[in-house]
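Visitor: Taken in sequence, the protein lines are chains A and B. Quick note on numbering: the UniProt record's numbering labels position 127 of the first sequence as 127, and the sequence is numbered without any gaps. Quick note on numbering: the UniProt record's numbering labels position 75 of the second sequence as 75, and the sequence is numbered without any gaps.
Think of the hints as simulated: they come from the structure by calculation, not from any bench. All C-beta atoms, glycine included, are put in the ideal place defined by N, C-alpha and C. No false leads were mixed into what you were given.
What the simulated footprint calls covered on chain A by chain B, stretch by stretch (three residues with Cβ under 8 Å from a Cβ of chain B suffice, anywhere in the stretch; the number is not a length):
#	region
1	100 to 112
2	139 to 150
From the derived model, a few chain A residues whose C-beta atoms are all more than 10 Å from chain B:
#	residue
3	E5
4	G125
5	D135
6	V163
7	E174
There are 2 protein chains.
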Amino acid sequence: MPVREHRRPDHDIDPLFVNRWSPRAYTGEEIPDTILEQGFEAARWAPSARNAQPWRFIHSKRQSSSWAAVFGLLNERNRLWADKASALIAVLSKTTYDDGSPNHTHSFDTGAAWANLAHQLFLAGWHTRAIGGFDRAAAGNVLGVPEGIAVDILIAVGRQGPVDALAEEFQLQETPNGRRPLTAFVSEGVYRAG
Amino acid sequence: MPVREHRRPDHDIDPLFVNRWSPRAYTGEEIPDTILEQGFEAARWAPSARNAQPWRFIHSKRQSSSWAAVFGLLNERNRLWADKASALIAVLSKTTYDDGSPNHTHSFDTGAAWANLAHQLFLAGWHTRAIGGFDRAAAGNVLGVPEGIAVDILIAVGRQGPVDALAEEFQLQETPNGRRPLTAFVSEGVYRAG
Chain A
1 MPVREHRRPD HDIDPLFVNR WSPRAYTGEE IPDTILEQGF EAARWAPSAR
51 NAQPWRFIHS KRQSSSWAAV FGLLNERNRL WADKASALIA VLSKTTYDDG
101 SPNHTHSFDT GAAWANLAHQ LFLAGWHTRA IGGFDRAAAG NVLGVPEGIA
151 VDILIAVGRQ GPVDALAEEF QLQETPNGRR PLTAFVSEGV YRAG
Chain B
1 MPVREHRRPD HDIDPLFVNR WSPRAYTGEE IPDTILEQGF EAARWAPSAR
51 NAQPWRFIHS KRQSSSWAAV FGLLNERNRL WADKASALIA VLSKTTYDDG
101 SPNHTHSFDT GAAWANLAHQ LFLAGWHTRA IGGFDRAAAG NVLGVPEGIA
151 VDILIAVGRQ GPVDALAEEF QLQETPNGRR PLTAFVSEGV YRAG
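Pulled out of the complex, with its shape left as it was, chain A reads as follows (with noise of 0.2 Å):
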């Protein structure tokens, strides 16, 4: 489907950030290591605070055995759509820096690294969709998560596939969705925004 059809800019810019979007429906084939390589490689250079790179990512495919145990962690919601996905990510990030003192920017510098592996992964030809639907409690125990890492999100990866092998309640979601203007979210030199 034509993002075009649904996704106008009002500002002239690169169709990469307008190209991308976060389908539900996925194929469930297997993803090459090289493209989630490619992924985690333009995540990399991602900007951060003091340059800490507190972005972390444990990432299953859906053919491993760690799969059923990170694809547990999503909400039944969720699971009705993501069994489709060739591989779930986890992002994580260190919340302090190394001389232990707290990063105040973890979670936002993460933030920048997704964006740049959501990117790379969709020039590859894939898609990708974050997921916050997760046991946050569970997540950190099933991931084997060490103290003073925060996780973030779960992001699905997989290749498009067909909009009919969806569960019905997502069918009709199945479009790029839209945004609000930039009068709602700029303004200049003090705060007006909504």
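Fit chain B to the given chain A structure using the hints.
Guide: Same frame as chain A, but now just chain B:
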């Protein structure tokens, strides 16, 4: 300065991610509104939990009446170079969903929007540098930020300027910095990163 002299990716990725970097040397020239709008437009299309679009931006051009107040938030050390930026942008995020429930990923999602902004500006010939060193306590007042909105970072935007116009302490650092290898932050199934 060619970025490739300083950065060699280990995996084949789009050059955009490697070529974007964060200089301190800027020209101070006026930034056209169209360039700023393109940056915000790219940020606009970032993914976010429940499509809540928690990002907010407050911009101030060097030539504007608001500049002195925003610039005054910076730590002394950052003022030494940021006085040649063309604009400062405060990046903020709404900490709750519209129904009042907490948004766990407000900063994370806003970090993705920041990556889009940085890349779009870079593609248009402008550079950005995020600034964590500023008076966080004063920022809310100076920028008129209401409750429930977090200040994530400030960003300097500008055209790259001559290195020898920088204060001496910054001149030797004015090259694209490196990153840890993938093995330091990526693992399979369970956490095994650094």
